Each structure stands twice: as structure tokens, then as C-alpha cells.
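Top to bottom, those sequences are chains A and B. Taking the numbering used here, I'd label the letters of the first sequence as residues 756 to 953. Taking the numbering used here, I'd label the letters of the second sequence as residues 756 to 953.
Careful: at least some of the hints might be erroneous.
When chains are identical, the list treats them as one kind, so a pair holds in a single copy or across two.
Straight-line Cα separation of at most 30 Å, DSS-like style, residue types lysine-lysine; simulated pairs [to be verified]:
id : residue 1 : residue 2
1  : Lys764    : Lys874
2  : Lys940    : Lys765
3  : Lys871    : Lys776
4  : Lys871    : Lys765
5  : Lys757    : Lys795
6  : Lys856    : Lys836
7  : Lys764    : Lys871
8  : Lys922    : Lys765
9  : Lys940    : Lys874
10 : Lys871    : Lys768
11 : Lys765    : Lys874
12 : Lys940    : Lys768
13 : Lys776    : Lys856
14 : Lys836    : Lys776
15 : Lys874    : Lys768
16 : Lys799    : Lys922
17 : Lys768    : Lys836
18 : Lys871    : Lys856
19 : Lys776    : Lys764
20 : Lys799    : Lys856
21 : Lys871    : Lys940
Source of the hints: derived by calculation from the structure; they are not laboratory data. Computed from a predicted model, the values in this text were never measured in an experiment.
There are 2 protein chains.
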Amino acid sequence: MKLLEQRIKKDGKVLSNQVLKVDSFLNHQVDPQLMMEIGKEFSKRFADEGITKIVTIESSGIAPAVMTGLYMNVPVVFARKRKSLTLSEGLLTASVHSFTKNVTNEISVSQNYLNKEDKVLIIDDFLANGQAALGLIHIVQQSGAQVAGIGIVIEKSFQDGAEMLEKLGYRVESLARISSLENGKVTFKGQKAEELVS
Amino acid sequence: MKLLEQRIKKDGKVLSNQVLKVDSFLNHQVDPQLMMEIGKEFSKRFADEGITKIVTIESSGIAPAVMTGLYMNVPVVFARKRKSLTLSEGLLTASVHSFTKNVTNEISVSQNYLNKEDKVLIIDDFLANGQAALGLIHIVQQSGAQVAGIGIVIEKSFQDGAEMLEKLGYRVESLARISSLENGKVTFKGQKAEELVS
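Based on the sequences and whatever the hints tell you, model everything.
Shown next, in the form of C-alpha cells:
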């Protein structure tokens with residue numbers, strides 16, 4: 756998605772070979788017009804999947820997911836991060852390990868909002884090693900619903916999440932695919948290295 | 756806002772005289788079409804305030820805030836809840852006490868995304884005793900920006916938040932104002948008690 760790649764080049768900050776900061780338009784400050792374009796694009800890419808529900812994870816997944824839900828005319832459920840598994844009655848839960856923060860969060864969705872007839876589109880802001888997506892898949896599976904696809908705003912293709920999910924048989928659509936953050940530069944998959952305009 | 760009141764009556768669950776659960780359309784499962792109507796309504800009510808930025812708090816404020824930002828064509832910043840004030844460099848922070856959960860959270864916004872020229876609309880899903888709104892006001896004030904108004908999806912008017920904020924001189928616009936949850940019934944301000952259709 757050209758508009759998103761341009762925005763990443765313009766406003767993204769490469770903090771290391773692993774970390775791209777996009778908190779000026781995606782995960783702290785949010786650009787609603789860009790979110791709308793992102794929602795439109797996901798809706799187009801997954802138009803033929805018969806999606807009945809979108810599942811994402813708080814907090815940064817919510818804005819792109821709700822815009823996608825608007826275009827697809829389906830409800831959005833956001834999984835909550837919880838400290839523990841106490842009070843888990845009626846909840847579908849999964850553990851998600853974050854390698855960057857080195858913490859394991861429990862995530863949960865009320866069983867009221869997923870059922871076995873649902874065809875679910877999972878949306879998230881970033882895909883790195885795929886642990887968050889796996890957690891959401893695990894939750895959807897517990898409900899008996901089907902994961903019809905995974906929509907990612909920014910994929911760090913140099914980490915193994917996308918390949919792992921595709922090997923498991925899932926359709927992954929990422930709107931920006933970053934092949935490298937080396938030397939402080941964002942390089943998109945299939946493109947030559949370009950300098951990051953900061 | 757009639758549409759919202761109808762939805763609360765249809766899908767809200769009164770758990771006690773103090774607690775209304777709306778997680779089927781607002782704060783766990785989200786109805787994107789309703790969020791769009793909410794955004795349109797806030798945008799209309801605050802059209803003359805010269806708003807340059809919307810500030811909300813994760814996670815349930817994000818959906819209505821982003822839709823409002825879409826209609827007003829301004830960026831949205833969501834405050835993050837943090838466990839501690841370590842690593843607070845470059846952050847505007849405030850403490851928010853939750854009486855229902857009996858915990859105090861630190862909330863924070865990067866100082867990069869608020870400046871003294873901003874006219875800020877604060878958006879949140881619920882207003883009860885007003886502690887979250889006060890925390891957001893405190894953060895906006897630290898940046899030198901002006902709070903131009905406070906937009907609330909559901910106000911529990913039988914708690915003292917709205918009155919307190921208005922006494923401090925803030926314009927508060929709540930799309931649904933609940934005067935009572937007694938006897939398992941939702942009563943809106945200015946209306947007679949009506950049974951909750953569950």
C-alpha cells in the first residue's frame with residue numbers, strides 16, 4: 756500500500772535494526788484518514804472471504820480494525836491483555852509472549868462474541884514473530900470459529916512471523932512489508948534500500 | 756443521541772445500581788457503524804471550537820475518538836496506562852484513580868504530540884466520577900494546550916463527574932446521560948424510568 760509506505764518513510768523512526776517507531780500516526784498518535792484508507796484496503800483484499808467478524812488486540816489494533824469493520828459492515832472484538840487468569844469464567848484465553856519486552860501476557864475474549872459460525876479476520880498493527888497473531892488464532896479456534904485471514908498493517912518480514920503463519924496455512928495480507936531496518940534505513944520487500952526521510 | 760439510547764436499552768446490561776455493561780457494542784465488541792454515528796455527532800457538537808487534536812485514553816476511548824477525528828479531520832492521541840513512572844522521559848503524565856477497581860494508574864502522553872497551540876477535545880467512553888477526564892485535562896495542561904471540550908459517550912449522571920467538570924468551567928457533551936440504574940432499569944436524564952429490554 757503505497758500511501759502507507761510513504762508515511763512510514765516520512766514519519767517512521769528506525770530505533771535499531773529490529774525496531775521501527777510509528778507512534779506519530781499508528782500506535783500513540785493516530786491519523787484517522789490513514790486508518791480509513793487502511794480499513795478500505797483490508798476490506799478490498801478480504802472481500803471474498805465471507806468475513807462475519809474482526810478480532811484484534813488492544814490497544815494499537817483497534818483503530819485499523821474498527822475502520823475495517825466499518826467498510827466490511829461487521830462487528831469488531833478486541834482481545835484484552837490481562838495480568839492473570841483469575842476471573843476467567845466465560846472467557847476464551849491465550850498466552851502471548853513478547854520477545855521485545857520479555858513478558859508473557861494473557862489475552863482474552865468473552866465467549867459471547869465469537870461462535871462457531873463466525874468467519875474471522877484477525878487484524879493487528881505489527882507482525883514480527885507472530886506470537887500475538889498465534890494467540891488470537893488460538894482464541895478463535897477455542898470458539899469453533901474459522902480464521903479466514905490475517906490482516907497486518909506493518910510486517911517486519913525479516914522476522915519469521917509471516918512465514919510461520921503462512922506455513923500453518925493462513926492467508927496473511929500485510930499492507931507494508933519491511934525487509935530490513937539496517938543502517939537506520941527502511942527497506943520494503945521487493946524494493947531497493949532507500950533513505951528514511953526523518 | 757436517540758440511536759445510542761436505544762442501543763443501551765436493547766443491549767446494555769445493568770449489573771448493579773452503579774454498573775452498566777455495554778461490552779457488546781462499545782468496550783469489548785465494538786459496533787463500527789454506531790461509532791461512526793457517535794463520531795459524526797461529536798464533530799457536529801464541537802464544530803465551532805476550532806479543535807486541532809483529540810485526546811483519549813486506551814482502550815475503550817479509541818474507537819469513538821478515531822471516528823470523531825475522522826469527521827473533524829484532526830489527529831487522535833491516546834494516553835497509555837502505565838504501571839509505573841519509570842522511563843517517563845519526554846512524557847506528560849498524570850495519576851488516575853479508579854474507584855470501581857480501587858487502583859491508581861499512571862497515564863501518559865508523549866510531549867511530541869501536544870503543544871501549546873492545540874485546542875483539544877477530550878473523548879472518553881464513560882464519565883462517572885470524572886477521574887479519567889481530570890487526568891487527561893492535567894496532561895493537556897502540562898503541554899500548554901487548551902481543553903476546548905469534553906465529549907463523553909455514556910455519562911452516569913447520578914455520579915458527580917459531569918457536575919464537577921462543569922463547575923471547573925469545562926464544556927461537557929454526553930451523548931447518553933443516565934440518571935439511574937436502580938431496579939435493574941436504565942433511566943435517561945429527563946425521561947421516565949423504562950424497562951431495560953435485554
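Problem - Broken hints, by number - result: Numbers 8, 9, 18, 20, 21 - these are the hints that the structure violates, sorted from lowest upward.
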